[in-house]
Amino acid sequence: MNQIETYFSQKKWYNLALSIEENLEKNKLVKEILLFIENKIFPVSKSFYPTTFASVVLSTIKHRDSIDLIEKAQELLRNDLLETETHFLAVDFLEIYRLEFMLLNGDKCHTQVYNFLEKKLKDAHNKKMIANLYRLSYEFYEIIGKYEEAYSYLIKYVEICGMPDYNERNYNISDISPKFLAEKMARLSLLSKDIHNYNTFYTSPIFPYLENKELSDLYINTKQANISFLKKTNLITKYGLSIDGLIEKAHLISLLNYFFTLKSHRVRFDEAAKLLNIPKNNVSSIFLKSLSMKIVKGYIDCEKEEMVFTLLMCKILETKDIDDMINKFDSWRSKVRNVINTMDFGIKN
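Using the UniProt record's numbering, you'd call the opening residue of the sequence shown number 1 and step up by one each time.
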């Protein structure tokens, strides 16, 4: 505590804040520092830069089972006569963590969180603030069971944080490990009924951090539409997932991938039945599902027993897909050159 006391007496507020945060991060002098913050720092809070003061208070969160310090800090900042944009920013940072604490501890604050996010996401322009709002958003939507929205905000959170471009100690914005986020992304992908573009996560730089082999096996086999694996494994129930839901998702992913390989825009019922290894009578329900979930746009021609599609859901390409496109383009370019050469030859004669 000597160093902390020295910084305080010398009014080196920034150094003091760093020292407090570093000690709390290492679980050192926790009780002494918590008392010091409440008894010494709060009375001189106006001496601190607002966001630095907020940062000091937030560093105490994991060492307390209440949010009283956050609420006291917010009150101090709101009562400051020299309110600036930075003051409001600090209050909002504290509010995010206050709501997050309540949310993760099972408090009934869903309406409060929703209203806060709806208001702040529209106006936020500070990068760190936006990242924190995205984090609160994906936690909120996951808790209320809206996994598509949760996944969407998690993707945004990872992108804005530059994860995993920073090592674990030097994140500019996030102190959440890439390993945790990779597992979270895999779980949300599997839980969601509407996420079928598995390449979004699979091609991202954070996918290699998915070290949980069970989750990785589930994710990859669903992505590859490996129905035989999904029917045999006990991992689906272990992770609280729906067997029928995951198999249906694998069928839709397989169908979407197949559509991308076709030159025509028509798929016959018997063709799809063979691809998915299901009875022909069940194909129409899979086609209807793909239309209702907007994976494809088109129509079903029952008389001809085929589906005609006009538009496919966007797909993030893997390296193999890109290589195939390059080869097709090279082949097309070669044909065009041959036609041009033939035309030139004809003109010369």
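Watch out, some of these pointers could steer you wrong.
Here are the simulated SDA-like pairs of lysine to any residue, each with C-alpha atoms no more than 20 Å apart in a straight line [said to hold, decoys possible]:
(1) K31 - T51
(2) K46 - K31
(3) K179 - K193
(4) K213 - F229
Derived Cβ-Cβ restraints for the label pairs, each shown as a range [what the hints assert, rightly or not]:
(5) N341 - N126: 39 to 47 Å
(6) E159 - N212: 18 to 26 Å
(7) Y299 - W332: 39 to 47 Å
(8) R64 - T310: 32 to 40 Å
(9) I143 - T203: 39 to 47 Å
(10) N341 - S242: 33 to 41 Å
(11) F88 - K231: 33 to 41 Å
(12) N126 - K231: 30 to 38 Å
(13) M293 - T84: 29 to 37 Å
Calculated from the structure, these hints are not laboratory results. Quick reminder that beta carbons are idealized off the backbone N, C-alpha and C, glycines included.
Each hint tested on the structure:
1. Using a Cα cut-off of 20 Å, the hinted pair K31 and T51 is violated, with the two alpha carbons roughly 23 Å apart.
2. For the hint linking K46 to K31, the alpha-carbon distance of about 24 Å lies beyond 20 Å, and the restraint is violated.
3. The straight-line distance between the Cα atoms of K179 and K193 is roughly 24 Å, outside the 20 Å bound, and the hint therefore fails.
4. Restraint check for K213 and F229: the C-alpha separation of about 15 Å stays at or below 20 Å, so the hint holds.
5. Evaluation of the 39 to 47 Å hint for N341 and N126 yields a failure: the beta carbon distance comes to about 59 Å.
6. Take E159 and N212: their Cβ atoms lie about 22 Å apart, and the range 18 to 26 Å holds.
7. A hinted range of 39 to 47 Å is violated for the C-beta pair Y299 and W332, which are about 30 Å apart.
8. The hinted window of 32 to 40 Å between R64 and T310 is violated, with their beta carbons roughly 57 Å apart.
9. Distance hint check for I143 and T203: the Cβ-Cβ separation is about 28 Å, which falls outside the suggested range of 39 to 47 Å.
10. The beta-carbon spacing between N341 and S242, approximately 58 Å, falls outside the hinted interval of 33 to 41 Å.
11. Roughly 55 Å separates the CB atoms of F88 and K231, a value that falls outside the hinted 33 to 41 Å.
12. For N126 and K231, the Cβ-Cβ distance of about 49 Å falls outside the hinted range of 30 to 38 Å, so the restraint is violated.
13. As the Cβ distance of M293 to T84 is approximately 48 Å, the hint placing it in 29 to 37 Å is violated.
The structure shown violates the earlier hints numbered 1, 2, 3, 5, 7, 8, 9, 10, 11, 12 and 13.
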